[in-house]
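Asker: Just so you know, the sequences run in chain order R and Z. Residue numbering for the first sequence follows the numbering used here, starting at 110 and increasing by one per position. Residue numbering for the second sequence follows the numbering used here, starting at -4 and increasing by one per position.
What you were told as hints is all true, and nothing was included just to trick you.
Quick list of in silico lysine to any residue cross-link-like pairs, SDA-like style, CA-CA up to 25 Å: (1) Z:K317 x R:W467; (2) Z:K317 x R:Q462; (3) R:K632 x Z:W145; (4) Z:K317 x R:V459; (5) Z:K317 x Z:A332; (6) R:K619 x Z:N287.
These are calculated hints, taken from the structure and not from any lab test.
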Amino acid sequence: MTVSPLRWLCACGLWLILAVAQPLQAQPATIPADAATRLAEDGFSATEAAIGLIAASGAPHAVAALEAMADRRLLFWKDPARAIWRDAAGASFDLLTGEAVASPPAGASLVRVNNRLRGAIQAALGTLTLLSPDPQRRLRAAEAVLRSRDQAALADVETALARETVARVRVALLEARAALILTGTTADRPTREGAIATLVDVADTTALTVLRQVLPTADATLKPVIEAGIASIERTMAIRDVAQTVWFGLSLGSVLLLAAIGLAITFGVMGVINMAHGEMVMIGAYVTFVVQEVIRTHAPHLFDWSLPIAIPLAFVCAGAVGIAIERGIIRFLYGRPLETLLATFGVSLVLQQAIRTWFGPTNREVGAPSYMSGFFEVWGLQITYGRLWILVFTLVVFACLLLVLRATPLGLQMRAVTQNRRMASAMGIRTRFVDAMTFGLGSGIAGIAGVALSQIDNVSPNLGQSYIIDSFMVVVFGGVGNLWGTLVAAFTLGIANKVLEPFAGAVLGKILILILLILFIQKRPRGLFALKGRAVEQ
Amino acid sequence: MITLRLMRALAGREQVFLALLAALIVLVPVGNLVMPPDSVLHIPTGTVVLLGKYVCYAILAIALDLVWGYCGILSLGHGAFFALGGYAMGMYLMRQIGTRGVYGHPVLPDFMVFLNWKELPVTWWGFDWFGYAMLMVVLVPGVLAFVFGWLAFRSRVTGVYLSIITQALTYALLLAFFRNDMGFGGNNGLTDFKDILGFPVQAQSTRVGLFVLSVATLAATFGLARWLVGSTYGKVLVAIRDAESRTRFLGYRVEHHKLLVFTLSAMLAGIAGALYVPQVGIINPSEFAPTNSIEAVVWVAVGGRGTLVGAALGAVVVNALKTVFTTGALAPYWLFALGGLFVLVTLALPQGILGLLERRRAAKSTAVSPKAAE
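Using the sequences and the hints, build the whole thing.
Answerer: Put into structure tokens, the structure is as follows:
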């Protein structure tokens, strides 16, 4: 790649000016009036000088102005010399002050740009944005340099690297620098080896691409080093892929577990087929929506608290609906599982339609509090906070549920009633009350699941339907009446889904899982961890 | 003589049912084709198509009643067999379009040309021949039900477990048929049919012909099912429903009995689907939706399970209700009504409409008999 000396000069000049101008950047700067005068001269060299002036000014609107110039949205007047730019929406702004101009006078002409000027604008923009206070801009600039392999930017990259503190941007800059060194002609051998080592350290797809691209043109002595580097990166990436799949699988598994955990109580412990289980999840999600709406209109500063507020409310709402269903319908159908299935399916239709009538058939917007958005990187793996919190939350809910079942009087009574109803009744346990409470507990947990799922899924009347078959699969796969089985089943299915996805695609992967599950149930009709003993035959 | 003996063997409601079907076969064609359009007795073609749809649903309901009402197998996947039969018929109809498609390709259906396919997939071979297509209508659902049932019944998957995996089966098929590369038209399914055995599908006479054929099939299905449940085999089915383990200990091969009735029922459902598709003019993956299968179960429950006639009655009543609800201002309330129906039937009417009628009659006769004894 040849670099024109002029661009070199231009870029270096810009850099010098910028370095001098740097301390001034703190104060709100304007672009010197000279820039407008040079533009008004309407010559390519004069315009180039103006570009230099605009870039050197360090004014906050310099980037917007330069971008406008490249897009032919910059206008000038000859007498008196003046320039404005229009943004994409058509609003006008003064070049010098950056303030909005309500009604620009007539008689303006367009600033002409040719390819040489475009190059100068891009270089100026690259430098400006490499040092921009906004990390996102810096990141994009570094990626742009990496793509363009513009040797002129090497010096800028070095400077930017020296002061960069954000890890992600730093990685991008390191890669850009290594790519420039390896594709350039000037660097000596140790520097090149250093660049390769840097890329091997970073070990992501970009680094791999860079190394693969430079391999054919590298000189013979350097080739083995690059090849070893490529092999090393590929190894790292393979391991990372596995870790990635496991993480995605755990994430999906946590969603499955969350959706299925309430069902593990109503279906697993009580043996009630509740087809309206998905609608309990939906109710939880809509409770979250309502809580957020109320917070938005009455107390916006509490927005981050919307989920902690929604969780108990969702538990109470879904639990109350669950108790109502149990008292009103299910208790008449104990011992008739097929009828229960049909009746609760009817309930699910009614609940869906009720929500559709009240909230409309479209998706409702549920926002993410600040701690749920964004991500962090561990060893090249992107971990989104939302997914991480859902995983943690699921495990906490699971632990709490175990605790309730094992360590509270209600849990003891629940187990007693499910194991031997008449004996429990003879011991003075109010079995009907326990039935209602158990069903309420399962439904309430489904409601809590809805709060979490509202963060990753569309909140619509159909929300519940998409989980019901998966939930039943998880519970049946894990073994009915066995909470630990449900846990293992959810994560197994989650990971299996994600392992199959790359080979078979998302939909086919899901179909495969369903078929495997159907076959599995044939083989072990009572799930992975079947209960043993007399309770089985009930 | 034989007819007389047969009629005597049938219960009163079954005689009424068959008489009704016979009346439909005569009256609907007359009402549609013979009566002038301004006559009170005229039956519009739209109504004929609607009735034809109900009749297809009634066949499906009888098929479902056979497994659920008599053998206690609650299948939540019968909609899948219905849709598979429909797809087999749809494929035949697609091949009949020939060069009349939008792209005018002599062999490939439009959607394949659109997807840039070069030749017909193996799954489509032979579907231009009516006999083969009709064979597939019963064979595909039959084989699927046989394999599925063989696996399920052999490992004694029963009750709600079976219901849930049948639901998973239809769900898996739903997902599969949505895929374009399955080669069954993806999301849009198969439509734009032109003619069937040389008769144009849209023509009034063809529609009436299909209707008559559907009613005749319903009668035949009913006859077959009635004969089956009246036979020794049918008694064993009921025994399995009521006490599976005991039947097994008595020496019956429960799995074999279940497998036969399940496969037969799936084939009947396939035939219903095949009659349904040319009448409504489209088949798409939404027919596989688990909701459809559950709705079919509720038809049987509403009419009265384990009665055959009740199942057909339920299918017609519920679908007539659905038509009334979904075509007018009541549309938003249809799901409330349907949901309510599910709850009502299971809680208050475990024997369905027929059960209610029977109980009334029984109450009347017990109220009458003491007087008669005096």
